[in-house]
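Q: Sequence:
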Amino acid sequence: MADPKAKVRTRHFLEAKRNGVRITGLTSYDTNTAAIFDEAGIDFLLVGDSAGNTVLGYDTTVPVTTDELIPLARAVASSVRRAFVVADLPFGSYEINAEQALATSIRFMKETGAHAVKLEGGRRSAQQISRVVEAGIPVMAHIGFTPQSEHRLGGHRVQGRGADAEDLILDAQAVEDAGAFAVVLEMVPSDTARRVTELLEIPTIGVGAGPHVDGQLMVWTDFAGLTAGRVPRFVKRYADLRGALTEAVTTFRAEVASGDYPAREHEYE
2 MADPKAKVRT RHFLEAKRNG VRITGLTSYD TNTAAIFDEA GIDFLLVGDS
52 AGNTVLGYDT TVPVTTDELI PLARAVASSV RRAFVVADLP FGSYEINAEQ
102 ALATSIRFMK ETGAHAVKLE GGRRSAQQIS RVVEAGIPVM AHIGFTPQSE
152 HRLGGHRVQG RGADAEDLIL DAQAVEDAGA FAVVLEMVPS DTARRVTELL
202 EIPTIGVGAG PHVDGQLMVW TDFAGLTAGR VPRFVKRYAD LRGALTEAVT
252 TFRAEVASGD YPAREHEYE
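Quick note: the sequence shown, position 63, residue 64 per the numbering used here, numbers continuous.
Possibly wrong hints are sitting among the right ones.
Unchecked claim - Here are the simulated lysine to aspartate or glutamate pairs, EDC-like style, with alpha carbons at most 20 Å apart:
#1 K111 <-> D31
#2 K111 <-> E167
#3 K6 <-> D60
#4 K8 <-> D60
#5 K111 <-> E100
#6 K111 <-> E135
Simulated from the structure, these hints should not be mistaken for laboratory data.
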């Protein structure tokens, strides 16, 4: 994307699309993962309301509040040198009107040090995006499957199939016209995602949207194999952290029980 040592800016997202450079993104909710992902060269970190599932123990993202996300976003933003940090606007913090969206966005920018905000919805959120961008705050849009609306959508269902592809395209055009610098396409058929990507001037970031988008975003606990149980089809596990941690904890417990830990080298004189 940009120079490996240079701070990533919104202009680098647009340059990456024009130059055919793939954009990489991961979620992050704490200082340690943020620093690791930043050092590894990930382009942007999303402090997602997926923290509801991965950190806070909720069944959905719906209960997540602004007050819960702000400390997480602050931890991430304070831990990076290069990566662009995007903070999610949680459900209920922007839907009422554009002024509510702006007020919430201002809180995130002032209290966390994040570089942009993300909100869900296409045409229905265009006014909110426009107002926030007008105030000087970059916005990443999010269309397709929008987790905050999962009850209305009937669960985790692919969006933009068949005739619904035209609605998705209209949503994509609406968020670009409203001033978003990038748009997340979640759980969208590859052909539909290709059409959107070719149509838009802003980059598309795929979450289960196939290979024809401008970048890819994954929830870090999924990609690192920390999540238990079933994961979405589009997830590739790049590590088995759950297995590694389980083994480490099991060994620790056994060594404490046997008296092998702490050993002489762990004592103070």
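Q: Has the given pair, K111 with E167, been kept, meaning a C-alpha gap of at most 20 Å?
A: violated, 38 Å
Q: Hint check: K6 vs D60, CA-CA at most 20 Å. Holds or violated?
A: Not satisfied, since the Cα-Cα distance of roughly 38 Å exceeds 20 Å.
Q: Verify the proposed pairing of K111 with E100, using a straight-line Cα cut of 20 Å.
A: holds, 16 Å
Q: Decide if the proposed pair is consistent with the structure: K111 and E135, CA atoms, cutoff 20 Å inclusive.
A: Since the Cα atoms of K111 and E135 sit roughly 17 Å apart, the hinted pair holds (cutoff 20 Å).
Q: Are K8 and D60 close enough, with their CA atoms no more than 20 Å apart?
A: violated, 35 Å
Q: Does K111 pair with D31 here, judged by a C-alpha cut-off of 20 Å?
A: holds, 18 Å
Checked against the numbered hints above, the structure breaks hints 2, 3, 4 and satisfies the rest.
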